[in-house]
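Asks: For reference, the chains in residue letters:
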Amino acid sequence: MSDSTTENDGYVLIVDDEEDVRESLRDVIELEGCNAVLAASGEDALEILAERRPCLVILDLMMPGMSGREMLEQMRREPTLSDVAVVISTSAPERAPRGVPILPKPIDLGALCDWIHRSCTCSS
Amino acid sequence: MFANGGDAGGALSRVDWSRSAVGPVQDWPQSLSTAVSMTLHGRAPMYVAWGEDLIQFYNDAFAALMGSSRHPAALGRSARETFAEAWEVMRPLIETAMAGAPHELRDPHLPPLALHTPDVADGSWRLCSGPIRGEAADVRGVLVTAVPVLARSGGGPDEAFFRAMFDNLPELAWSARADGHIDYYNRRWYEYTGTTPAAAEGWGWSSAHHPEMIDAVLERWRHSINTGEPFEMEFPLRGADGEYRWFLTRVRPLRDGDGRIIRWFGSNTNIDERQRTEDFRDRFLGILGHDLRNPLSTILTTARVMIRRPDTPPEAHKRMKRIVTSGVRMQRMIEQLLDLTRARLAGGIPVTLSDEPVPLAPIALRIVSEVRAANPSSIIDLIAEGDCAARIDVDRFEQVLSNLVGNAATHGEITRPISVTLEATDEWTFIAVHNFGKPIDPSFMPQVFNSFARSEKPHGRSAGLGLGLYISERIIHAHGGRLTVTSAADEGTRFTISLPRARDE
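Those sequence lines, one after another, are chains W and H. Numbering-wise (my numbering), the first sequence opens with residue 1 and increments by one. Numbering-wise (my numbering), the second sequence opens with residue 1001 and increments by one.
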């Protein structure tokens, strides 16, 4: 597909308020050969998204300030971001919005790698 | 005439009678003067309603029965006005006497008058009315006398008995008129709230409510009064010590023969301990679910990345694997504790059944493959006969089957195969997991599905918390099915899941 909205900068955006979670996910993504960009809040993530379009967003739900759910709704309203692949990584899967893939914490590494391979051309 | 007539006499003497329907006192007929004088100077509770307008006179003893919402405003006023909202109850008493015949009102028709007065605390009253005739023998007014209802000797329990019973209930209890005006509270209510009958009567109870809840309570209560629907709600009530505690309040209507509501009966049950337990449960589930899983996720992810990275030295691998194995065990324990808490404290393990029957053989194959991979030396046979499908929660069903097959691999005799058998009848689908291993101790059988039950500590490290079978049984129970077990030395051990057969509707 050559449509400009589907082009991406070949990076995975990690949105989680816990630094250790962000850093451990970065390790996985870099091990798979992709670049990771980290955001500690939904607000920061939206700023990054406005600049560059990722191939995949790994999104925590429960964060202070803007929740993952709110951030997802904003992304869905933005035409250039509405089709970006998003997977929700949460320790409370029962509270996740319907219709979005979920990676429950503790994260299954195999399932995460599947998502990276499926969504990103950067992965080895 | 009003002199020595007590407070009521004093109040009557201050009325400007020339502007009332009965006219100035000097023009009153002899029959009215006599009736009013008799009433004011009598000791028994007495009441007079005079003329077409039913202008009211009564003595101090009767004033106590009128309640603070009516007395003293009722003196010199029309009975129709004073009892407007309860007129249907009072009318026969007055109008029958005005028509020339005596009449009586007794419980449960009495309640339009205040029930909770110090004088009647140990009994209740019967109202007797009769005509007052004028000089031409025509009926000009009505005399009402209140007679205490005395305890009967023998027979059923009397009113005093019931009042004593209500006063000794551990719950707060009360009763309201059809319009919601509360005119009776039991003793516990006064003890708990520290209020007085005068302050609490009618709608005065609202002062015991939390300011943030009162609007919602009033809205629901008014809805019940308007529709006749029973009322049920949980809210805090302030105690005499100033502390709010949670109560479950239930109110039911009492209807007459025509289906009209004549009373409301309410009770407030203290559920504060329960509320605290629920708050604790929610906090506990939050800690388990969120606060523990997050750091565990970081531990496991980091260790797994280290195992995968080509630059990790080989001797670090087995140590990283140890971290992962322990972390996974911890993860399983967290899941089990979450399930236990849901099953015990949150009304059961939540199960979302599929809309359509799901074929069970592919699920069984998946689970068997996983257990084979984790236990390479075990032999596990899978036998599926017939069309085995059921409406299930797939994740939860997998959890049960994984637990049963995993247990069979742990406890089964290594040289003999474990079998997983699927069978269907018209009404049930059966999934049986069988192993030849040391049988379950017969004395332990009744506890197999209890929480924290374990027949013996397995050698080496323990796999979990001894909650697996308890949780599995609860999950199958939530499916409307059964989990059973048989075990004997020569037959081995067989766990059987029975699920109601999916039927065409």
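Hints were generated in silico from the structure; no laboratory data involved. None of the values given here were measured: they were computed from a predicted structure. One should not assume that every hint holds.
[Unchecked claim] From chain W, some residues computed to sit far from chain H (all C-beta separations above 10 Å):
hint, residue
1, 18
2, 28
3, 35
4, 36
5, 38
6, 40
7, 43
8, 47
9, 48
10, 50
11, 75
12, 100
13, 104
14, 117
15, 122
[Claimed, not checked] Between beta-carbon pairs, the in silico distance windows are:
hint, chain 1, residue 1, chain 2, residue 2, range
16, W, 121, H, 1356, 21 to 27 Å
17, H, 1413, W, 10, 17 to 23 Å
18, H, 1068, W, 67, 50 to 56 Å
Even glycine gets a Cβ: it sits at the ideal position worked out from N, Cα and C.
Asks: Against this structure, judge whether each hint is valid.
Replies: Evaluated hints:
1. With a least beta-carbon separation of about 6 Å from chain H, residue 18(W) fails to lie farther than 10 Å from that chain, contradicting its non-interface assignment.
2. Listed as a non-interface residue, residue 28(W) fails to keep its Cβ farther than 10 Å from every Cβ of chain H; the least gap is roughly 6 Å.
3. Every CB of chain H is more than 10 Å from the CB of residue 35(W) (nearest about 16 Å), matching its label as outside the interface.
4. No beta-carbon of chain H comes within 10 Å of the beta-carbon of residue 36(W); the shortest separation is about 12 Å.
5. At roughly 14 Å, the least C-beta separation between residue 38(W) and chain H is larger than 10 Å, which holds for a residue marked as non-interface.
6. No beta-carbon of chain H comes within 10 Å of the beta-carbon of residue 40(W); the shortest separation is about 14 Å.
7. Distance to chain H confirms residue 43(W) as a non-interface residue, since its nearest Cβ pair spans about 21 Å, more than 10 Å.
8. The Cβ of residue 47(W) lies farther than 10 Å from every Cβ of chain H, with a closest approach of about 24 Å, so its non-interface assignment holds.
9. Listed as a non-interface residue, residue 48(W) keeps its Cβ farther than 10 Å from every Cβ of chain H; the least gap is roughly 22 Å.
10. Remark: the non-interface label on residue 50(W) is consistent with the geometry, its nearest Cβ contact in chain H lying 28 Å away (cut-off 10 Å).
11. Against chain H, the non-interface label of residue 75(W) holds: every CB pair exceeds 10 Å, the least being about 23 Å.
12. The Cβ of residue 100(W) lies farther than 10 Å from every Cβ of chain H, with a closest approach of about 17 Å, so its non-interface assignment holds.
13. Distance to chain H contradicts residue 104(W) as a non-interface residue, since its nearest Cβ pair spans about 8 Å, not more than 10 Å.
14. With a minimum CB-CB distance of about 14 Å to chain H, residue 117(W) clears the 10 Å threshold, and the non-interface call stands.
15. Listed as outside the interface, residue 122(W) is consistent with that label: its C-beta sits roughly 17 Å from the nearest C-beta of chain H, beyond the 10 Å cut-off.
16. In this structure the hint that residue 121(W) and residue 1356(H) lie 21 to 27 Å apart at CB is violated, the actual value being about 37 Å.
17. Separated by about 54 Å at the C-beta atoms, residue 1413(H) and residue 10(W) break the suggested range of 17 to 23 Å.
18. Take residue 1068(H) and residue 67(W): their Cβ atoms lie about 53 Å apart, and the range 50 to 56 Å holds.
Consistency with the previously given hints fails for numbers 1, 2, 13, 16 and 17, ordered from lowest to highest.
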